[in-house]
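Let the sequences and hints guide you as you build the complete structure.
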Amino acid sequence: MTLSRRAVLAGTGALILAFSLGSARAQTETGKGEGPRKRGLPGSLDDTPRLDAWIRVGPDGAVTVLTGKAELGQGLKTALLQIAAEELKAPLARLSLVTADTGRTADEGYTAASHSVQDSGTAIRHAAAQVRTLLIGEAARRLGVPAEQLRAEDGAVLGPGGARIGYGDLVTDALLTAEAQPASSLTPAAEYAVLGRPVPRIDIPAKVTGGAAYIQDLRPPGLLHARVVRPPSYGAILIEVDAAAVERLPGVVKVVRDGTFLGVVAEGEWTAIQAMRRLATSARWRETASLPDAAALPDALRALPSRDSTILERGAAGGAGTVIEGTFTRPYLAHGSIGPSCAIAEWQDGGVTVWSHSQGVFPLRRALAGLLRLPDDKVRCIHAEGAGCYGQNGADDAAADAALLARAVPGRPVRVQWMREQEHAWEPFGPGMVASVRAAVTPDGRVADWTHEVWSPSHMMRPGPPGALLAAREIAEPFPPAPPVALAQPEGGGDRNAIPLYAFPNARVVHHFLPEMPLRGSSMRSLGGYLNVMAIESTMDDLARAAGLDPVTFRLRHLTDARAGAVVEAAARRFGWDGRSARAGGGFGFAFARYKNLEAYCAVVVEITLDRETGRVAIERVVAAVDTGEVVNPDGVANQIEGGILQAASWTLFERVAFDRTRVTSVDWSAYPILRFSAVPRSVEVHIVAQPDQPFLGVAEAAQGPAGAALANAIRDATGHRLCDLPLTAGRIKAALGA
Amino acid sequence: MTSMILNGERRAVRAAPDTPLLYVLREEFGLNAAKFGCGLGQCGACTVVIDGAAVFSCVTPVMLAENRQVTTLEGLGTAEAPGPLQRAFIDAQAAQCGYCIPGMMMRAHALLTRAPDASDAAIRAELEPHLCRCGTQMRILRAIRRAADAMRPRSTAEAGR
Ligand code: FES
Ligand code: FES
Numbered sequence: 001m002t003l004s005r006r007a008v009l010a011g012t013g014a015l016i017l018a019f020s021l022g023s024a025r026a027q028t029e030t031g032k033g034e035g036p037r038k039r040g041l042p043g044s045l046d047d048t049p050r051l052d053a054w055i056r057v058g059p060d061g062a063v064t065v066l067t068g069k070a071e072l073g074q075g076l077k078t079a080l081l082q083i084a085a086e087e088l089k090a091p092l093a094r095l096s097l098v099t100a101d102t103g104r105t106a107d108e109g110y111t112a113a114s115h116s117v118q119d120s121g122t123a124i125r126h127a128a129a130q131v132r133t134l135l136i137g138e139a140a141r142r143l144g145v146p147a148e149q150l151r152a153e154d155g156a157v158l159g160p161g162g163a164r165i166g167y168g169d170l171v172t173d174a175l176l177t178a179e180a181q182p183a184s185s186l187t188p189a190a191e192y193a194v195l196g197r198p199v200p201r202i203d204i205p206a207k208v209t210g211g212a213a214y215i216q217d218l219r220p221p222g223l224l225h226a227r228v229v230r231p232p233s234y235g236a237i238l239i240e241v242d243a244a245a246v247e248r249l250p251g252v253v254k255v256v257r258d259g260t261f262l263g264v265v266a267e268g269e270w271t272a273i274q275a276m277r278r279l280a281t282s283a284r285w286r287e288t289a290s291l292p293d294a295a296a297l298p299d300a301l302r303a304l305p306s307r308d309s310t311i312l313e314r315g316a317a318g319g320a321g322t323v324i325e326g327t328f329t330r331p332y333l334a335h336g337s338i339g340p341s342c343a344i345a346e347w348q349d350g351g352v353t354v355w356s357h358s359q360g361v362f363p364l365r366r367a368l369a370g371l372l373r374l375p376d377d378k379v380r381c382i383h384a385e386g387a388g389c390y391g392q393n394g395a396d397d398a399a400a401d402a403a404l405l406a407r408a409v410p411g412r413p414v415r416v417q418w419m420r421e422q423e424h425a426w427e428p429f430g431p432g433m434v435a436s437v438r439a440a441v442t443p444d445g446r447v448a449d450w451t452h453e454v455w456s457p458s459h460m461m462r463p464g465p466p467g468a469l470l471a472a473r474e475i476a477e478p479f480p481p482a483p484p485v486a487l488a489q490p491e492g493g494g495d496r497n498a499i500p501l502y503a504f505p506n507a508r509v510v511h512h513f514l515p516e517m518p519l520r521g522s523s524m525r526s527l528g529g530y531l532n533v534m535a536i537e538s539t540m541d542d543l544a545r546a547a548g549l550d551p552v553t554f555r556l557r558h559l560t561d562a563r564a565g566a567v568v569e570a571a572a573r574r575f576g577w578d579g580r581s582a583r584a585g586g587g588f589g590f591a592f593a594r595y596k597n598l599e600a601y602c603a604v605v606v607e608i609t610l611d612r613e614t615g616r617v618a619i620e621r622v623v624a625a626v627d628t629g630e631v632v633n634p635d636g637v638a639n640q641i642e643g644g645i646l647q648a649a650s651w652t653l654f655e656r657v658a659f660d661r662t663r664v665t666s667v668d669w670s671a672y673p674i675l676r677f678s679a680v681p682r683s684v685e686v687h688i689v690a691q692p693d694q695p696f697l698g699v700a701e702a703a704q705g706p707a708g709a710a711l712a713n714a715i716r717d718a719t720g721h722r723l724c725d726l727p728l729t730a731g732r733i734k735a736a737l738g739a
Numbered sequence: 001m002t003s004m005i006l007n008g009e010r011r012a013v014r015a016a017p018d019t020p021l022l023y024v025l026r027e028e029f030g031l032n033a034a035k036f037g038c039g040l041g042q043c044g045a046c047t048v049v050i051d052g053a054a055v056f057s058c059v060t061p062v063m064l065a066e067n068r069q070v071t072t073l074e075g076l077g078t079a080e081a082p083g084p085l086q087r088a089f090i091d092a093q094a095a096q097c098g099y100c101i102p103g104m105m106m107r108a109h110a111l112l113t114r115a116p117d118a119s120d121a122a123i124r125a126e127l128e129p130h131l132c133r134c135g136t137q138m139r140i141l142r143a144i145r146r147a148a149d150a151m152r153p154r155s156t157a158e159a160g161r
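Residue numbers (the UniProt record's numbering), protein chains in the order written: chain A, 1 to 739; chain B, 1 to 161.
Among the clues, some could well be false.
What the hints assert, rightly or not - Derived CB-CB ranges, DEER-like:
1. B:Ala121 x A:Arg219: 39 to 49 Å
2. A:Gly738 x B:Ala115: 38 to 48 Å
3. A:Arg284 x B:Ala115: 44 to 54 Å
4. A:Ala212 x B:Ala115: 31 to 41 Å
5. B:Ala115 x A:Ala658: 36 to 46 Å
6. A:Gly731 x B:Ala121: 22 to 32 Å
7. B:Ala115 x A:Thr560: 48 to 58 Å
8. B:Ala121 x A:Ala582: 19 to 29 Å
Stated by the list, open to error - Pulled from the structure, derived: some chain A residues nowhere near chain B, Cβ distances all over 10 Å:
9. Ala280
10. Ala295
11. Glu313
12. Asp611
13. Leu737
What the hints assert, rightly or not - Sample of chain A residues lacking proximity to chain B, with all beta carbon distances greater than 10 Å (derived):
14. Ala193
15. Ile204
16. Ala317
17. Ala690
No lab work stands behind these hints, which were simulated from the structure alone. Just so we're clear, the structure is a prediction, and the values are computed from it rather than from any experiment. Yeah, the Cβ is synthetic: ideal placement off N, Cα and C, and Gly gets one too.
Dropping the structure here:
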C-alpha cells in the first residue's frame, strides 16, 4: 500500500493524493483553448466575441479596456494598454484598465503559461482595431463622406476640411455591442506610435511611493483581520483546541472551527496574530508520517506508479557513437512570494465577494461556490494584485480561508493574511522531478542517438475542483482531493520542453507521469521546462566536449529553425564567446531553449568565478538574447528576462524544500535560502532579436531553463565535474572538487 | 502612551507598547509602504528608518520608536511629486511586482543619507538583508546608483553653503 493511500484511508484528508491512475483530466495550463476554436476569432475573442466585453468608450471619450487576465508584477497592465492605445488611436492617458473580475470581465481562465499577451493582448488588439473601424464608420455616416476619407487620431476621427469628432461624441449605446469579425484592419508595424516602445509601467509610481498597490493595502470600511491556524503537517487532524479561552481575549470577534479548519477573526491585525498563536499553542493534532525520505527523493519519485507515454519517437534507437548519460534531479521548490498570501471576503445577502491575488478568478469562483455550496452567481471574485507569485502559491487557499471566516461574521469584510511559515509550509510547491538523458555522438560531431525520460508529478493542481483548496480538505465534511492533471503536449507539464528542438535523426522521449504527490505541488514558472532544459543543455555541452567541438558551434549544427540559430548566434556574439579566454577559477556556460518549443527563443551565456576553497560561485556576467516575436514593450521584455535569469540562478544554486518523514521543515528564509545580493551577478545584459512582423510570443518563463542550464554548464567548465543533482550548492561543488 | 515623529509629524500611538511598529504604521496610521514579508527579520520588506538607521519594523516594538524620528517611504515623496530616490526607481523601472521595493528603498535612503558617496560594492553589501523574489536586483542597484548620482551634487552644494 502506498503511503498516500494509507493516509487517505486513515481519513486524514491528506493532500498527498493517490487517486485512480486513470482519472487525470485533460487540460491546458490556462484552462482555456483545449477544444477547437469556436468562431475562428483571434485570441480570447473566440470565447468572448462582443466588442464591449473588451473596449468601452464613455461619452467623455474616456476608454475602459477590460481583460480577464491579471497583473502579477509582469507589467501586463501597461502592455495591454499600449496595445489598445495603438489600435484605437487614443492617447494612453485616456485609457484605464479593468482586470480579472467575475462580475465585469471576460473569463480568460488562468493568467499563466506566458499566454496573456497572446490571449488577451490579441483579443484587445483586434477589438480595439474593430472599434476604431466602427467609430470611423459612424463618423462617415454623420459627416456624409466615405470612410476612406477619414482617419482616427488622438481619440477622434478627423475628416476633410478640418472636421473632427471625438470618440465620446461618436459612441452610442448600441455601437460597441457588435460581435467581433474575423478580420481587423490592424496598424502596420511601421506606423506604431506606442506599441513596441519602452513605455514606463503605469503601476510603478504607486509602488515606489507607498500608494495602495496591493491586496494587502485594501482597507474597506469595517474591516476585520483574521488568521488561520494550519495543521503542523499534511493530513494532520485537529483533536482539540481551547477556543473559548481565545474568544475571551479583548478584540477577538470569533474563533471559527470546522473539523480541522481553524481560524480567528479579530478587530485588529496584531490581535489576530496573537490570538492565532494562542490557538496554535493549545491545539493538539494527530499527525501521520507520510513523507518520503528527503535524502532519497529522486528514488522515491521513480518508484511511484507512473502513467507512461512516449511523446517523441523518431528514427531508430541505438545509433553508434560516444555515449553521454546523466540523470538530473530537482528537489521541490517553493514559489516563495515575498508577500505571503492574502485575501479579503465579505458576505452579504447570502452571497460572498472575494478579493484575491489568484491567477484565475473564474476557476476560483467555481471552487469557492462548490466549497460554500452556493450557486456560481452568489460568488464574485475580484483580482487584486499581490506580491509576485510565479505560479500557484497560497492565493487561492487564502481566498477559501477568507470566505469561510467571513461567513461567520456576515456584513463585515474579513482580511486573512498567511504568516511566512504558513506560506513556506503549505503553498503548492514546484514538484520534485527526475530527468535522465542518454545520447551518442559520432566522431564527426553528429548526435546519432538520443533518449530522454522524465518522471514528474502533476504541475497543475489549481482550483476548479473545491478539493484543490486547503480549507476544503480540512473542514468536517471534506471535499475529495482534486484529481491530478497531466497537461498535454505540445505545451506539456512535467514533460514541458522534454522534446529537444534540435534536429536529431534518432530520438525518443518518454514522460512518466506520477499521479501521486508525495508533497503538495502545482504550477511554478516553466513547470518541467527548467529541469528538462537543464538535462538537454547539459548533455549537449558534454556531447560537444566529447566530439571536441565548441558548444555553440555544436548547437548550431543541430538547429534547423532559423530563429533559434539567430538567437544562439546573437547571444554568442554579444558576449564575445569566440574571444573568451580561460582564467583561473573561471568558467563559461552556454544554453538555449525555445520555451515550450512554442514561445520565446532564449539563449544565455554565463561567466562565473569559482572559489575552489569554498565551492562558492560568483556570477560575473550574464548575456541573454531573446526573440519574443513582436515586442509590445522592450523594457518590459528585458525586465522579465533579467528576472528569470536571477530567479533561475537562485533555484540552481540554493533552493530545496526540506522535510522530515512528517513535516515540511523549511518554513522560513533561513531554512529555505534564496539568492541574496552577495550572489547577484555583476552584470546582466538582455538583447532583443527583433521580429516585428511575427506574432507575440510569451516571454515571462523563457529565461529560466537556459539560464539555469548555462550556469550549470559554467560550473562544469570551471570544475571539470558535471553535477546533476540540484541545487548546485557550494557544499556539493566543494565535495565534487575534493573527490 | 507612546508617541513618535512619523514622517516629520508628531503622532500619538494607541497600540500596546510591545506591538511591532509595522502593525502600527499599517493599521493605526493607514500607511502602505512598509510591508509584511516574514515577520522574522529575514526579508527586509518591512524596513523603515528610525533616526537615520534602517530597521525591520516587523520585529521592532513600537515603544522603541518613542520620541524618535520614524521615516517611511511615504515620507520621501508622492507619486505626483516623487523624491529623488523615488524618481530614480521610476526612471530605472526598478520593480516587477514591487513588493520588496519599499524596504529596499528605505535602506538605500539611510545609506545615501549617511554615505552619499557609497560605492557600488557598499550598496550591494548594504542590501544583503533584503530579498527580491522577482529577480529585480540589477535594476534596484541601477536605481540606487542613479539616485546617488542625482543627489550628490545637491548635497555637495548644501555642504558648501
Ligand atoms: S517582514 Fe520584516 S524582515 Fe521580513
Ligand atoms: S520586485 Fe517582486 S519581490 Fe522584488
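Status of the hints after comparison with the structure:
1. The hinted window of 39 to 49 Å between alanine 121 (chain B) and arginine 219 (chain A) holds, with their beta carbons roughly 41 Å apart.
2. Against the hinted window of 38 to 48 Å, the Cβ-Cβ separation of glycine 738 (chain A) and alanine 115 (chain B) comes to about 41 Å, which satisfies the hint.
3. Separated by about 53 Å at the C-beta atoms, arginine 284 (chain A) and alanine 115 (chain B) satisfy the suggested range of 44 to 54 Å.
4. Restraint check, alanine 212 (chain A) to alanine 115 (chain B): a C-beta distance of roughly 32 Å satisfies the suggested window 31 to 41 Å.
5. In this structure, alanine 115 (chain B) and alanine 658 (chain A) meet the distance hint of 36 to 46 Å, their C-beta atoms being roughly 38 Å apart.
6. Distance hint for glycine 731 (chain A) and alanine 121 (chain B): a CB-CB separation of about 26 Å, consistent with the stated range 22 to 32 Å.
7. Judged by the Cβ atoms, the range 48 to 58 Å given for alanine 115 (chain B) and threonine 560 (chain A) holds: they are separated by roughly 55 Å.
8. Between alanine 121 (chain B) and alanine 582 (chain A), the C-beta spacing of about 26 Å keeps the proposed range 19 to 29 Å intact.
9. Against chain B, the non-interface label of alanine 280 (chain A) holds: every CB pair exceeds 10 Å, the least being about 14 Å.
10. Non-interface call for alanine 295 (chain A) relative to chain B: holds, since the shortest CB-CB distance, roughly 26 Å, exceeds 10 Å.
11. Taking the minimum C-beta to C-beta distance to chain B, about 37 Å, the non-interface status of glutamate 313 (chain A) holds against the 10 Å cut.
12. The beta carbon of aspartate 611 (chain A) is kept farther than 10 Å from every beta carbon of chain B, the shortest such distance being approximately 17 Å.
13. Even its closest Cβ contact with chain B, about 26 Å, leaves leucine 737 (chain A) beyond 10 Å, as expected for a residue assigned away from the interface.
14. No beta-carbon of chain B comes within 10 Å of the beta-carbon of alanine 193 (chain A); the shortest separation is about 20 Å.
15. Remark: the non-interface label on isoleucine 204 (chain A) conflicts with the geometry, its nearest Cβ contact in chain B lying 5 Å away (cut-off 10 Å).
16. Against chain B, the non-interface label of alanine 317 (chain A) holds: every CB pair exceeds 10 Å, the least being about 40 Å.
17. Distance check on alanine 690 (chain A): its Cβ is at least 20 Å (rounded) from any Cβ of chain B, clearing the 10 Å threshold; non-interface status holds.
Hint compliance for this structure: hint 15 alone is broken.
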